[in-house]
Structure formats: structure tokens, C-alpha cells
Amino acid sequence: MIEVEKFKKDELSMDVILKTRKLKKISGIILILVIVSFFALFITGCKSQQEASASSRYYYSFTDSLGNQIHLEEKPQRVVSLVGSYAETWLLAGGELIGVTDDVIKERKMHLPKEVQIIGTIKEPNLEEIINLSPDFILLSPDIESHVKISETLKKSNINFAFFKVEHFEDYLAMLDICTDITGNKELYKKNGLEVKKQIEEVLSKIDKNDNPDILFIRAFSTGAKAKNDDNMACRILNDLATVNIASKHESLLEELSIELIIEEDPDYIFVVTMGDSQKALEALKDGIAKNPAWNDLTAVKNDRFIVLPKELFHYKPNAKWGESYEYLAKILYPDKFK
Amino acid sequence: MIKLKNITAGYNNVEVIKNINIAFEEASITTIIGKNGCGKTTLLKTAANILKAFKGEVILKDRNISSFSNKELAKKLSFLPQIRKVPNITVYNLVMHGRYPYLDFLRVPQQKDKEIVQKTIEDMALGKYINKNIYELSGGQRQKVYIAMLLAQDTDIIFLDEPTTYLDINHQLEILEIIKRLKKMGKTIVMVLHDLNNALSYSDKICLMDKGEIVIYDSPEKVFESREIDRVFKVYSSQITFEDEMPKQYLFNLK
Amino acid sequence: MNILQKFFTRINLNKNSKSYNAAVIAFLLMLLIIGVFLSISFGSSKISLSEIFNAMRQGDPGSKVYKIISFVRIPRTLAAVLAGCALSVSGAILQSVLNNSLASPGIIGVNSGAGLFAVLIAAFFPANIYYTTFAAFTGAFVAVLLVYYIAKATGASRMAIVLSGVAVSSFIGAATDTVLTLKPDVVMERTAFLIGGFSGVTMDRLSFAAFFIIIAFIVALILSYDMNILALGDETAKSLGLNVRRFRFIFLILVAMLAGAAISFAGLLGFVGLIIPHVSRFLVGYDNRILIPVSALLGSIFTLLCDLLARVIFAPYEIPVGIIMSFLGGPFFIYLLIKGRRGQLYD
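Chains as they are written, first to last, in this note's numbering: chain A, 272 to 610; chain B, 4 to 258; chain C, 3 to 349.
Where hints are given, some of them may not hold.
[Unchecked claim] In silico DSS-like links for lysine-lysine, alpha-carbon gap of 30 Å or less:
| hint | chain 1 | residue 1 | chain 2 | residue 2 |
| --- | --- | --- | --- | --- |
| 1 | B | LYS131 | B | LYS187 |
| 2 | C | LYS48 | A | LYS380 |
| 3 | B | LYS58 | C | LYS154 |
| 4 | A | LYS602 | A | LYS551 |
| 5 | A | LYS582 | C | LYS185 |
| 6 | A | LYS557 | A | LYS499 |
| 7 | C | LYS66 | A | LYS385 |
[To be verified] Looking from chain C toward chain A, a few residues come up when the C-beta cut is under 8 Å (computed):
| hint | residue |
| --- | --- |
| 8 | LYS66 |
| 9 | PHE73 |
| 10 | GLY331 |
Hints listed in this document are in silico derivations from the structure and should not be mistaken for laboratory results.
Beta carbons: idealized from backbone N, C-alpha and C, even for Gly.
Let the sequences and hints guide you as you build the complete structure.
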């Protein structure tokens, strides 16, 4: 009895303190405060309307690989590249960098001055670090989702950026053209672009278009291996070198390597490029399809034509070394024509 | 007054009870008895609108039961299921849930609701547990809290599915006495009981079911005399009468 | 004694009292405000408080501090708060409605639905990658509707919904895997989506999601009492006049809205929806009128904290938020379990 009385008294004083019996009213007020503060933050974010560029004369304009019209008001001095290969291309065009992604060091093993900052990984660049460098031009790839997402914010904060898509040599050449236009260094376009093109054309001119070895191109990684075809950079080189990719006859190889199909076609050469940890990838290949006893009977394997290709020339974009890639393969395929 | 007319009902398209016609009188206690699976709970749930019948109508105060809105109906009849989870809630809050049909849009209990809850808890002698969590209580006390919730719901008709099963004997009898009090308040009680003696000694009317049909629906005395219990359950029933006003008791032996 | 003194002595009352609840909410609100403040003040680049203050006051859109605060930190803070609130509330609702404290929004198909639609956009309409947010939200919603209507065929009981959710999720998962097999280039994006994170969020993506989150949250608060009734069991709830089927459907829709909206900009952050409601129940019990707001606050605070750590610990590299959450949350939750509070729905 007594405890019930006490409870009643407590409740009454609760009423006084809380000023209202309705808990809902309190949460309602809190909610309104929360919404209002969100709105305040939202509006602050909106305040940054970029001023429309008054001048009609730009330093340079071009169209990027997503079809955006890029207008640079001045020559960019503080450039950040979110792709390692584009960082190299920019340097080859005579430009300077203030920020790069870590694949520059980890994959390309480029040596950059200490002042160049690492701003994250190619997959997850750190937006805050990028903005903190006060860049005036950013190089992005349209194939990486985080880049596309970041571009929205870059647009809002009025930082110029451009998307580049480089898969084959002509893409690199086009990008180098634009970049050297921006840096104003057209001799570098000749040296790192046109001369490489000449190098490639020289290689291709020596090839007999009717001598077509069959090849299989495999991309191996630690959890599997797949054949590759035309859209791959190395396969394009092989195509240009007048080989026939057996994957173009059997598209299923692009999904899964089948020892029966490979035996049926018995290619003259088998080329392998590894992704990720090379050691693990090659081991996986050995434990996978290469374990099959029929593997050792393949012409390519028997005649020492199962070749692991260097990553720098056939997996990462070789950029100015593209000509070397052509020469490397040409020497293997047609040793009598190329010493 | 609640009536079932030609009710056929069941689960998953399987008929359990067929062509049931029965009316439950006001201010009375009706107990439904029968063997397991005979359809007692199905009948109870259909009458309480917990289960929708395949065929037939349930008539409440001369209206089809489906013509009432959920809230309206909740103020007229209440149902206590047999198996209940033990929620993590205080006695006070559970009894307050009985006032749910009466709460407005904001779902905030008014002074009247609080008074009713308070009074109900005290009537059930649960005052000292008022802020305790339910599963600190014994089975019998818990049951009393649920009945308090039903009381707070303030309905004329109360349906109870095996309210005494699994309780200690003293709690069983306590609950049954409370049910008698509910009848005195003018409420109509319809319940399913397993214990035949309890059923016969506490009810005004007995509804004996077998294989989905009503075998006999009459006073305990008449049901006993008809020997239908003996036939359905295959037992030999006997009645004990006392000299003073104590209610009759019933014993059952194997045939 | 003045009112304030009276207030503080009352706080030691039992855990179900109003003053305890009010104190918890007030305390969490304070933590949230501190969290927001910290999240805006700290990041991978070092910016002093006075710099922040000046930059925001001047509002010069060219200043890099202004840009970082407005376009990076504030959107991320908002995103963390919204996602944390939405996911934990949706988990709390679902656990109450399904009477299953192991439920998280994923089991009714939200995650798989969002994943499928996001992958479809990336694979077949890569130019429209901007629309991934809306696609993910739509996918989540469609999946939940599918789950519900399949469950309805067998009565839409709690068990039916769980089973239907498992079936639909695995079917959708298989469909997603098929798309990925046909278009293997999309695989990388899916990994990022699976881990979840807030990098690159912008205000427009957020406002789309925020709209649904705020509405669903308000509705959930209003209906929290009905959730309590539903938790008593289908038959008892029906006896009390609650339209069990309708309310279960409404609550599922709320879960879909909240979780779908959060997933659309944050990817899959699995931990929050499952664990935060548990911790909240340790604090304030099962009454949804308190549990929902407390879950929201706790979820927001936790997500803010994790995102802050994700941005700062290994700068300039970012750890995905989901990983930090599991690292922090997992051991803490184990600690709570061992300490042993009876937070059970059943005996």
C-alpha cells in the first residue's frame, strides 16, 4: 500500500518537472530541433554556389572521355592524379604533380619527389586530402565508382577535373595529346607519343599478315584464371601482331578455362599475365588447369612457349613504353624477323 | 448476447468445427470441454473474432461481428490465449495495455485510464507488484496480471483459453474464483478448460464437443446426468454432493 | 529542495521510470551533439578550430577549409547520423515486429534488393551511375514487397515472413551473381558496396534519403505504442483491437524505407541494425516508445564515432566504416553479453 502511495507522489513531481505528461511532446520537440539543425547544415552546404565564369576566353578546352566539356581558365599548376598510369602520362607530358594515389608506388614503382603527397588508394581516394592540397586539376577514371562519386563534390567545390579512359595505345596517344596541349610541351608529344607510334608501326610493317600463329592469353589471379580477348590491352597487341586468339572462337574461355577446348585448339603460344600477387596467381594456375596431365602435352607447353609476360608491359598501361611491348611480343612470335 | 449461426471454421482450409449453432447468455459462465482436437479452441477463437470462419456468422447484439471496427469490438469482447510469451514489461504497463482500445490517436493514457488500471491492479491484490517486471512473478500471479489486463479492457464478454492450465492448484482455484467475480459484475465468460471437475463445478453452462460438433449444451447437472461425458471420454463419472452450500464436485474413473 | 535537485535524486529510480528514460535521452542527445562537433572538427587533414570557425563565418567558397568542411566533413557527418539512425531504428522495429532479436533488415530482403538494382545500373547503364542511389532504394523496397506478398500467401505470420525473406534474398542473390558473371568488370564496385562507407557522399544524394528517413522515423515514433501491443502476440494484439496484418505490413514498409534509404548512400553496414537495438534494450528495456528514439541516438553516435576513426586513424588511407564498426562493436557487445543482463523476450 505504502509503496503505491510513494509511486503516486513521485509521478506527480515528475509531471511538474517534465512540464507535460506527454513523452511524445518531448520527442517531438527534440525531433524538430534535429530537423532544424539538419536544415541549417544543408543550407550552409548549399551556399557555395559557384560564380559563373564571366570570361569567355579559356586557356584550354577539350572534351573528356565522359563527354564533358572541360574549360581550363589557366594553365593548371597543382595537379592531382587519381590513377597511377595517368600520373605517369602527365609527367611524360612535362607536367608536375602534387598528389597521387598509392598505386604509383606500389604498382608502378615510380620515384616521385618527396613533396608529392599520397592521397589514398586508386579505389578509395581521400577527398579531404585532395581538397586540402588546393588542386586546380584532377585526373579521374570513369570506370572507378569512387571517382565518379568524387567528381560530384569536385564540381561543387569548383575544382577542375577530367575523366580519361585508356585501354589501348590510341587512347594513351589521345590523352598525351591533350595533356601536352595543356602543358604546352608539344615536343614531349612527339617524343613520348608520335615516336612510340612510329616504333609500333615499324614492328607491324615487318609482319607477314598471313603467318598467323594461334595464341591463348590468360589473366591469372590468386583465385582463378580467365582467357582474355579484344578488349584487353595485351590481346589487342597480339591481334595487331596478326595472331589468332582462340578465345575469339570459343567465348566460353572468357568465363572459364576448359582444358578440352584448349587441347582442341592446341595454340602455338600461351601467354600469361598475373593480377595481384604474382606468386600466388601462378601457383593457382599450376594447381588449377595446369595440373591436368594433358596440359603437358600441349604444343605450347612442350615447346617452351608457355610464357609469363611482365606486368609493366602487359598489365599496367605501358604508356611511353607501348612500343617496347610490341617489340617484346614480336621477338617471341617471329624470332627470325626480329633479332 | 453473442450467437454463432451455422459456423464452419478451421485452419489452412481444413474444417475443424462444422455447422455450429450456439448462443452464450449474458452474465453467465460457459465452459467448453472436450477431447484434444475436438475443436474447443477453434470455437472459442471464432466466437472471439480471432479466427475468421469459413461459413456462417457470429452475431453480437444483433449485428454481424464483422460490422464492428477493430476498436469497437475490442471494447466489447476480449480474448486471453493459452500460450503466451512472457514479455519484458511491468505489471502496470501490461494492465495499461488493456486500455489500448480506449486510447486516442496520440496513444497517451488519460487520467481515467490510469485510475482504472490502478483500481484493477488493487482489486486483483497485485498492488505490491505494480512496478515489478512480469517474469519476476510466479505463473499464478502472471495469470492474474493478464486477467487484470482483461478487466482493464472493460469488456462485456471475455473469452479465456485454458486460463488455469499449468498453474499450481491454489492459483487455479484463485483464478476460478476471480472468474466467478467477473460473472457477478455482469460479464459473459466463455472459457475452455481441461479439468472436467473445475469445469463442472464453476460453470453455469457446459458445452461438450466431440469431433468438431456440439454434443450437448446445458447446465452441468443436466450434462452430467446425460452421461455424454462418459461416452465421449470413456470414463465413469460420479458426483459428490455436500450437505452445506459447497458446490458439487465430480470424480472420474476409467471404465 | 529545488526542482533540479529533486530531479537528480529521482534518477536512481528503477529503470522503467520516466525520469530515467528522460535522463538517458538527454545524455545521448548530448553525446550526439559532441559527436557531430568532433566529426566536423577532425579529419585526415589538420584544421584548427579557429580556422573552421573563420572559414564558415566568412563563407568564402574559394577557401579550401570552407570546401573541406562544407563538401566533405559536413556531408559525411550528416550521412553517418542519418545512416546510424535509420539502420538502428529499422533493426529495432524489425526485431520487435518479428519478435526475433536476431533479426536485422537484411533478412527481409532489403540488402539483396538494393544490391541487385545497384549492380544492374553499374552493369547495364554505366553512364547513369548517378542514379545508383535511387536504384538501390527502389530495389530494397521492391524486395520487401515481394517478401511480404509471398509471405501473405501463407498468412503473413512472423515465421512466414522470415522464411520468405530467406528465400527471396537467396533468389535475388543468385540473380545478382549471374549479372556479375556476365559482366565481371562490375565486381570491384560490388565489393565496395558490400563493405559500405560514406566517402564521396553529396548533399543531394543525402537529401533524397533523408526525406524518407525522417518521415519513416516520425511515423515509427508515433506508432511505437502499437508496436508494443503487437509484441504481446498476434492473438492478444487482435483481442485488444489492433489490426495485426495491417500494422505488420506498415512496420515492414517502415523498415524498408529506413534501411533502403540508408543503404542507398551508405552501402551495406550490417552491424548497426542488429546490435544497436540490443544495446538500447540493455539501457532502457523493451518499451518501443523509448527504445526507438534511444536506438536512433545510439546508432547515430556509434556510426559517427566509427566514421571519424575510419577517416583519421590511417590517414590518408580510409578504412571502410563497416570494418571499424565490427572491430569496436563486436568486443563491446561480447562484454555486455558476459556482464549478463536479462534482456530476453522469453523466459
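Satisfaction of hint between LYS185/C and LYS582/A, Cα-Cα up to 30 Å: holds, 24 Å
30 Å Cα cutoff - pair LYS602/A, LYS551/A: holds, 28 Å
Satisfaction of hint between LYS380/A and LYS48/C, Cα-Cα up to 30 Å: Answer holds: LYS48/C to LYS380/A is near 28 Å, not above 30 Å.
Satisfaction of hint between LYS385/A and LYS66/C, Cα-Cα up to 30 Å: holds, 22 Å
Agreement of LYS131/B and LYS187/B with the hint, judged by alpha carbon distance not exceeding 30 Å: Holds, at roughly 26 Å.
Hint consistency between LYS557/A and LYS499/A [alpha-carbon to alpha-carbon, up to 30 Å]: Roughly 18 Å between the alpha carbons, so the hint for LYS557/A and LYS499/A holds.
Per-residue hint verdict: LYS66/C, partner chain A, C-beta under 8 Å: With a minimum Cβ separation of about 5 Å from chain A (threshold 8 Å), the hint on LYS66/C holds.
30 Å limit on alpha-carbon distance, applied to hinted pair LYS58/B and LYS154/C: holds, 22 Å
Hint validity - GLY331/C Cβ closer than 8 Å to any chain A Cβ: Interface hint status for GLY331/C: violated (22 Å vs cutoff 8 Å).
Residue hint PHE73/C, partner chain A, criterion CB-CB below 8 Å: For PHE73/C, the interface hint holds, since the closest Cβ of chain A sits about 5 Å away, which is under 8 Å.
Checked against the numbered hints listed earlier, the structure breaks hint 10 alone; every other hint is satisfied.
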